[in-house]
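Residue numbers (this note's numbering), protein chains in the order written: chain W, 1 to 357; chain B, 1001 to 1312; chain A, 2001 to 2414.
Rather than coming from a laboratory, the hints here were simulated on the basis of the structure. As the structure is a prediction and not an experimental result, all values here were calculated from the model. Warning: the hint list may mix true and false statements.
Listed next, with one range per pair, are the computed distances between beta-carbon atoms [unchecked claim]:
id, chain 1, residue 1, chain 2, residue 2, range
1, B, Ser1275, A, Arg2028, 39 to 47 Å
2, W, Thr147, A, Asn2076, 54 to 62 Å
3, B, Ile1037, W, Pro158, 34 to 42 Å
In the DSS-like style, the derived pairs of lysine-lysine whose C-alpha atoms are separated by at most 27 Å in a straight line are [stated by the list, open to error]:
id, chain 1, residue 1, chain 2, residue 2
4, W, Lys139, W, Lys165
5, A, Lys2145, W, Lys266
6, B, Lys1100, W, Lys41
7, B, Lys1100, W, Lys139
8, A, Lys2197, W, Lys206
9, W, Lys201, W, Lys139
10, W, Lys201, W, Lys165
11, W, Lys206, W, Lys139
12, A, Lys2227, A, Lys2412
13, A, Lys2129, A, Lys2145
14, W, Lys165, A, Lys2197
15, W, Lys165, W, Lys246
16, B, Lys1052, W, Lys246
17, W, Lys266, W, Lys41
For each residue, glycine too, the CB sits at the ideal point set by N, CA and C.
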Amino acid sequence: MKKTLILSTALAGFAVSAQADVTVMSWGGAYGAAQTEGHLKPFTTASGIATVMVDSDNPATPIKAMVEANNVTVDVASLEYADAIRLCDEGVLEVIDPAILPAGADGTPAMDDFLPGAVTECAVSTDIWATIYAYDTTKFTGEAPTTAADFFDTTKFPGKRGVRKGAKAVLEFALMADGVPAAEVYATLSTPEGVDRAFAKLDTIKADIVWWEAGAQPPQLLADGEVVMSTAYNGRIFNAAVAEGKPFQIVWDGQIYENEMYAIPKGAPNREEALQFIAYATSTEGLRQQAQWISYGPARKSALIEPLIFNDGKTEMSPHLPTNPANLTNALESGSDFWVDRDAELNERFNAWLAAG
Amino acid sequence: MALPPYADPLERIWHRTYQVICALVFIFLIAPILIVIPLSFNVEPYFSFTEKMVRLDPTGYSLRWYDTLLTFGMQAPEVPRDGAWFADMWANSTWVQAAKNSLIIGFWATIFATVLGTVAALGLSRPEMPYRRAIMAILISPMIVPIIIIATGMFFFYSNPCAILGFECGRLTSTYLGVILAHTILGIPFVIITVTATLSGFDQSLIRAAQSLGANPREVFFKVVMPLILPGVISGALFAFVTSFDEVVAVLFIAGPEQQTIPRQMWNGIREQISPAILAVATILVVISIALLTTVELLRRRSDRLRGVTGR
Amino acid sequence: MADAALLTTSDGRPLAQALVQAQARARRRAFLLVLPLLLFVMFSFILPIGQMLHRSIYHDGFSANAPLTGAWFARNPSGTPPDEAAYAALAADLAAMQAARTAGEAGTRINYVIPETRSLFTRSAREAKDLTPPYEASLLALDPKWADPAVWEAMRAAASAYTFDFYLVSADFQRAADGSIERVDENRQIYIALFVKTFILSAIITVLCLLIAFPVAHLLATLPMAKANLLMILVLLPFWTSLLVRTTSWMAILQGEGVINDLMVWIGVIAEDGRLRMINNQTGTIIVMTHILLPFMILPLYSVMKVIPPSYARAARSLGATSWTTFRRIYLPQTLPGIAAGSLLVFILAVGYYITPALVGGADGQLISNLIDFHMDRSNWSMAAALSAMLLAGVLVLYWLYDRLVGIDRLKLG
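All chains, please: the whole structure from these sequences, using the hints.
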């Protein structure tokens, strides 16, 4: 009896392998949860199309591998801005016709409603997020870190640092901490001397760095006491601090912000449904729903008219958004032109530097 | 081990030290496995014992992480727990899906590995078997070749299995069959090893005796050979099942979103949302391994008794 | 001989011939039993790995996308400096690449041998359709790097899809401007160093396993059966417990605010801010892998020690040897087969380990398998294949050694 039960379950397993769900690949953790709550679940309710969320450290890499191996299992991927442009250039993404994007809730045509640059050939922005650094307030009872330079000052602020394992946003941050003004960061980084300077700055704390890969790791590293401060995606820290009451403080000095994009990998099994999903998720309503779960700013003007409130019903989101003027005093917009070309090379250099003990 | 009566004081001290060392090693072996059990009942989202837990205060303990296992991924976890809630849980809970997938994949991989492996082991144990050593080396190699190499090879091959013949015929990646085939390969060495070990004590003259008494090959197999090697086959099958049940790398490379297994979810959880829910899964898996180990040990003893082997 | 020929079976055939036939039949039958599995393993294990390894010498990223430049290389022998025809061919190829969105692919292929050339291709391709003759001047105006003979030499090498470049790169070599092979700069040497590190860490883990396993195996082998069986469960339980479970619990134990650190702070051995870092680094990899591989050392040691007769040691003692001499001269040599079996097995498994370093290794506790995964992830498949081939060669040598010294059929699982 029991055996037949297992057997029939197993046979059923073979049968269900070809269902038409929209599979969304995103970054996991609090951000993945925000997209699940703000985009996937309401979309399923509205359209009746089932959705699945898959996590990745950075969806750009598996997407490329999938397309090149002709083994695409993902319908929608959440990508960083430069990656969305680069992968589009490389023919890894489907072109998205902007005509599918609905007008804003206030009637503004979609292309006027989106902030400049938020819609590209192959991708549509879901939010604007930032790489910041945050520290554990219980670890610094006296003076607390306030500037990018403080992150590299281990005599004044002793303790381990969490840093994202990769060149992007790390090199820029190192240069800003070294005193390069935001406006000159990419000009500096375009020269070999500038790259050396960034690595030299990183060398000063190399022994104290704990590297992280998944966006959910920094709040975890801080909570576990593995590090006293860490670079992080600002929304992850916000959620840990506001929703879970962790004693984390964000330092906005030296923040690097950019658009996050939804795109469709070439050969996606459910392309039509994926387009429907993107149109829904990047509507005024979709953007606002996601912004109730994590402190990333919507990329449509119409979504910013009414004040955004966190899902606890009381926290006003605006002071926590990367685009709030108070947070932009020393900020850098991530250079997509720069990273489209240089991503592979600088990561290679970064990995060699990392391996060189 | 008893100390000989002629031991001098220095040797007695050494003997004590030796016993302490052994005790420490056993603690090293077992403590990491058992420690997850109390930690999984932590009411706080930490990976360590809280003060309340140490004081054995019942409010320091809770089943919330086990509850999370059921509700995570559900469409509507908040509603009252009626029939609809259970239907939702059964259909959508991430961990329940993972458990189903692990069982389906493990079941079929075990069946394939055990049948193919047992038949091959019967051939390998015959004295007439040609190229025995070389073939044995090939069949055991999935256990030796680094898993990343196996998974990488399978990723490309299963993406288009007919590429080698020059045409396309669909793919095995992101299918249950693909993952099952991969896990079958990984389980085979264990079946071969356990079944050939059982057969090594097998008296081949029993077969001739049965034949001379008029048994046909089928009767010989099912009435004489099978009962004797059954314990070996079952432990081989259990090994194959555990291998599949614990496997994550091949799943990472080959499985699609619909074939996520328990280890795959744990992998996600450990790398990202490290919550004590992982410890709750771990606790459940530890209980399962204790059950499986007990089964295997009982079988082994039965097998030894049947074959007249004494001791281990 | 003549007598033997006279012996016949009941149906009149010569006995010798009948025996040979019967034996051949038995061999065939035995082989047929193994055949299904052998075919299955060939098809879904050996073949995939072989196909993957083929990628380590095959990459058509440049050759397929730059046919005109390739044709120019075919017409002109190695060493010919690029002329206007070469630049014209390149410009046409770049324009075609832009249209087909393959400039990244071609650039990636060249980038393997000359770092920081990928962007040369992607940037130039973007401008290629606006280029005007003379192409040499206009391409050099785009980027003077196009005049670099090393770039042309690398393109010539890449014009054929078959190449050993990936093995060169995996051994930290590169192509110089004149086509010769040289070591890469020190700050770019990563592969050999990682292979060495993998072997050293594996050796450390093997030695630790041996040191820890030896006393326990000895205890198990000398205790009365009932007690030994009970303790054996403690050895086998980790063996049966999920790898991820064991890794998870080690994370709970070793991390900054984990069980051990909390305990030590509570006792007062270390200060609150002096918590030890035992995870997300090499230490983490070593501790956790030692724990995970320990049963693979204990079991072979135990099975050898169990059959060592205690009488030899007693004889040595009665002849006046000290307990240390007895151990060193009598007992230890007899355990050598077990030491060899256990050490080789642990070492083989450690060299190819992936999961544990990936989860608890941090930046400096990563092994070669993790680098293969890294390249797979980045779609650098030929690099992943070349590194796999080198790792596989090492493992197969050890496996062969294991078979020679121990014998594969002696492998036991509890």
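Structure versus earlier hints - violations, ascending order: Of the numbered hints, 1, 5, 7 do not hold.
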